[in-house]
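Chemist: First to last, the protein sequences are chains F and P. Offset between the first sequence (1-based) and this note's numbering: plus 125. Offset between the second sequence (1-based) and this note's numbering: plus 15.
No lab work stands behind these hints: they were computed from the structure. We treat Cβ as the ideally placed atom computed from N, Cα and C, and that holds for glycine. Hints are not guaranteed to be accurate.
[Claimed, not checked] Reference listing, derived: stretches of chain F covered by chain P, where coverage requires no fewer than 3 residues with Cβ under 8 Å from a Cβ of chain P:
1) 138-147
2) 309-315
[Claimed, not checked] Which chain P residues stay away from chain F? Per the calculated CB distances, all over 12 Å, these:
3) A59
4) T106
5) I152
6) A193
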Amino acid sequence: MKSRGYTVIGLCLTALMLFPVYWMLNVSLTPQQDMRKDPPDLLPLHPTFEGYRAVLDDQLPYLGTSLLIGIGTVALTLLIAAPAGYALARLRPRGGGALELALLIAQMIPGIVMAMGFYGIFLDLSLLNSWWGLIVADSTIAVPFGVMIFTAFMSGIPGELLSAARIDGAGTWRTFRSVVLPLSRNAIVTVSLFGFLWAWSDFVFANTLDGGGSWKPITLGIYKYIGNNNQEWNAIMATAVVASVPAAVLLVLAQRYVAAGVTAGAVKD
Amino acid sequence: MTVARVDRPRRAPAAAARASGSGARSLRRRRRLTALAFLTPLLAYLAAFYVYPLYRNLDLSLRDYTVRSFVAGDAPFSGWDNFRTVLDDPTFGPAMRHTMVFTFVSIAFQYVIGLALAVFFNRHFRLSTVLRALFLIPWLLPLIVSASTWSWMFNSESGVVNYFLHFFGVAPVGWLTAPDWALVSVIIANIWIGIPFNLVILYSGLQNIPGELYEAAALDGAGAWQQFRRITFPLLRPVSAITLLLGLVYTLKVFDLIWIMTKGGPGDASSTLATWSYQLGFGTLLPRFGPGAAVGNILILIALVFGLLHIRVQRRQEA
Numbered sequence: 126m127k128s129r130g131y132t133v134i135g136l137c138l139t140a141l142m143l144f145p146v147y148w149m150l151n152v153s154l155t156p157q158q159d160m161r162k163d164p165p166d167l168l169p170l171h172p173t174f175e176g177y178r179a180v181l182d183d184q185l186p187y188l189g190t191s192l193l194i195g196i197g198t199v200a201l202t203l204l205i206a207a208p209a210g211y212a213l214a215r216l217r218p219r220g221g222g223a224l225e226l227a228l229l230i231a232q233m234i235p236g237i238v239m240a241m242g243f244y245g246i247f248l249d250l251s252l253l254n255s256w257w258g259l260i261v262a263d264s265t266i267a268v269p270f271g272v273m274i275f276t277a278f279m280s281g282i283p284g285e286l287l288s289a290a291r292i293d294g295a296g297t298w299r300t301f302r303s304v305v306l307p308l309s310r311n312a313i314v315t316v317s318l319f320g321f322l323w324a325w326s327d328f329v330f331a332n333t334l335d336g337g338g339s340w341k342p343i344t345l346g347i348y349k350y351i352g353n354n355n356q357e358w359n360a361i362m363a364t365a366v367v368a369s370v371p372a373a374v375l376l377v378l379a380q381r382y383v384a385a386g387v388t389a390g391a392v393k394d
Numbered sequence: 016m017t018v019a020r021v022d023r024p025r026r027a028p029a030a031a032a033r034a035s036g037s038g039a040r041s042l043r044r045r046r047r048l049t050a051l052a053f054l055t056p057l058l059a060y061l062a063a064f065y066v067y068p069l070y071r072n073l074d075l076s077l078r079d080y081t082v083r084s085f086v087a088g089d090a091p092f093s094g095w096d097n098f099r100t101v102l103d104d105p106t107f108g109p110a111m112r113h114t115m116v117f118t119f120v121s122i123a124f125q126y127v128i129g130l131a132l133a134v135f136f137n138r139h140f141r142l143s144t145v146l147r148a149l150f151l152i153p154w155l156l157p158l159i160v161s162a163s164t165w166s167w168m169f170n171s172e173s174g175v176v177n178y179f180l181h182f183f184g185v186a187p188v189g190w191l192t193a194p195d196w197a198l199v200s201v202i203i204a205n206i207w208i209g210i211p212f213n214l215v216i217l218y219s220g221l222q223n224i225p226g227e228l229y230e231a232a233a234l235d236g237a238g239a240w241q242q243f244r245r246i247t248f249p250l251l252r253p254v255s256a257i258t259l260l261l262g263l264v265y266t267l268k269v270f271d272l273i274w275i276m277t278k279g280g281p282g283d284a285s286s287t288l289a290t291w292s293y294q295l296g297f298g299t300l301l302p303r304f305g306p307g308a309a310v311g312n313i314l315i316l317i318a319l320v321f322g323l324l325h326i327r328v329q330r331r332q333e334a
C-alpha cells in the first residue's frame, strides 16, 4: 500500500532525471523545419530519420575509430594492470604502499595537464593525429583505476587456492595465468567496462592530440557538428544518441559491475 | 582442475626443508624479483606516460616558449616568469573564483540531492532497483553528449528550459549567452551529471548501517527525520567525507563540459582554471604554452591538496 506511493514518486523522480535523455531522443527525431517551433513539440509526432541518415553518411568512420580506440585501450590497460595488481596484492613487493599512493594521486591529475604534456611529446615523436597515440593517452585514465581494482580483488582470493597451485608445482607466472586470472573475471569485466567507456567518451585527449588526423573518434565528430555552427540539431542529437549506445548497452548487460566500479575505493566493506 | 605437469622444481617443500638463513634469504630475494617482474610493465608505463608528460608540462611552464621554439625545443629558461604572468593576468581572479564557485556549488547540490535519493531508494519499494539503475545513465553518457544536449535545452530562443519557465511567467533567459547566467548553466548541467555518482556511493554506505538501529529508534518513537538526523547522517559521516573529497577532486578538473557548452564565455564569464589553461595553450591561433602549462600546474597543486586530504581521511578510516 505504502510501497505503491514510493514507486509512483520514484517513477516521477526518474522521469525528471532522465528528461534530458528523452529530449535528446525527441530532438533527434524532430524535422528540421519544426526545430525552432514555438511551442516545441514535446512528443515526436512527426518523426523523421533525416538525423540518423546524416549519422550514417557522415559519422560511421568516426564510430569505427572510437570502437578501435576503446578496444585498444582496454587491451593495453588489462595487459599492464592485471599483473601489477597481482604483484601488489600477493607478492608483497618492496615499495608497494608507495606505489599504491602514487596511483591514487595519478587519478587526481587533471586531463588537460596530461594533454598538454602529451602534446609536446607527441609532436617530438610525430605521433599527433594517430589512433594508437590516442590509445596510449586514453589508457592513462584507466590504468591507475585498473591496478586498484585488480589489487583489491586479487587480495580477496583465498590463499589456499594459491598454495594448492604451488604445491602442484605451478610457478608464480603459471599460478597467475591459470588460477588467479580465471578467478578474477569480475575484476576484468569491471576494468574493461570502465576502460572502454572512458576511451569512448574521451574528448580532451582527442581534441588536443587528434584534431587534424583522418582517424577521429566520435566525440570529435559531434564536436565538429556543433563547431561548424551547424543548425541541424536533429543530426547532432542523432549522433549523440548513437554515441550513447555503448553506455546504454553496458548499463543493461553489466549494471552490477558499474556499481562495483563506482564504489571501488570509496567505500570499505 | 589440477595442474598435472610439473615443469618447475618444487620450491616450497625444498625451502621448508632447508631452514638455514642463506636459503631463506635467497628465496626472499627470488620472490622479490618475481614481484618486480610483474610490476615492471606498470613501472615502465608510469614513467613513460605519467612522469614524463608531467615533467614536460613542468618544463613548459618554466620556459619562454613560442610556437617556433616549441617545435625546435630550444626555449630559454625563464624561471617563474610564466607563473608571474598568469597571476598578474586580469583573467586569473575571475577564473579562480569561477573554479571555486563551480566546484563547491556543484558538489553541495550533488551531495544533498544524492543523499536524499539514496535515503529514498533505501526503502526498497517495487521497481526501486530498476529505477536506481536508470539513475546511473547521466553519469555513463559521454560528456560531449550531455553537454550538447544541455546546450540545446538552454538555447535562449528555442530551448525547452525557457519554454517550461514561461509557464511560471519567467521571461526568456539567455542561459549560455548572458554573462550572469553562463556559469549557472554549466553548474546545473554538472550537478545533473554528478548526482548518480553521489547516489551510488551514499547508497552503498547506507547498506552498511544495521537495520536494527532503525527498528530500535522506531520503538523509542523516533520519527523519520529524527532517525535520519540521529542515525543515518552521523553513521554515514565517513562515507560522506570520502564522497565529498572525491567529488571535489573530480569537479576541480572538469573541462569538457564547460568547454563544449560555453568555451568559458561569454568573455570570461564561465572560465575556470581548466578552461583557461586550455584556452591559453590551444584555444587561439597564437598558443601561449608557457602560461597555459603554468595554470595547469597551479590546478594540479590545488587538486593535490584536496587529494592528499582525501587519502588521509581514507587511511584514518581504515586504520
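Chemist: May I ask which of the numbered hints given earlier this structure violates, with the numbers listed in increasing order?
Modeler: Going through the list in order, the structure violates hints 2, 3, 5 and respects the others.
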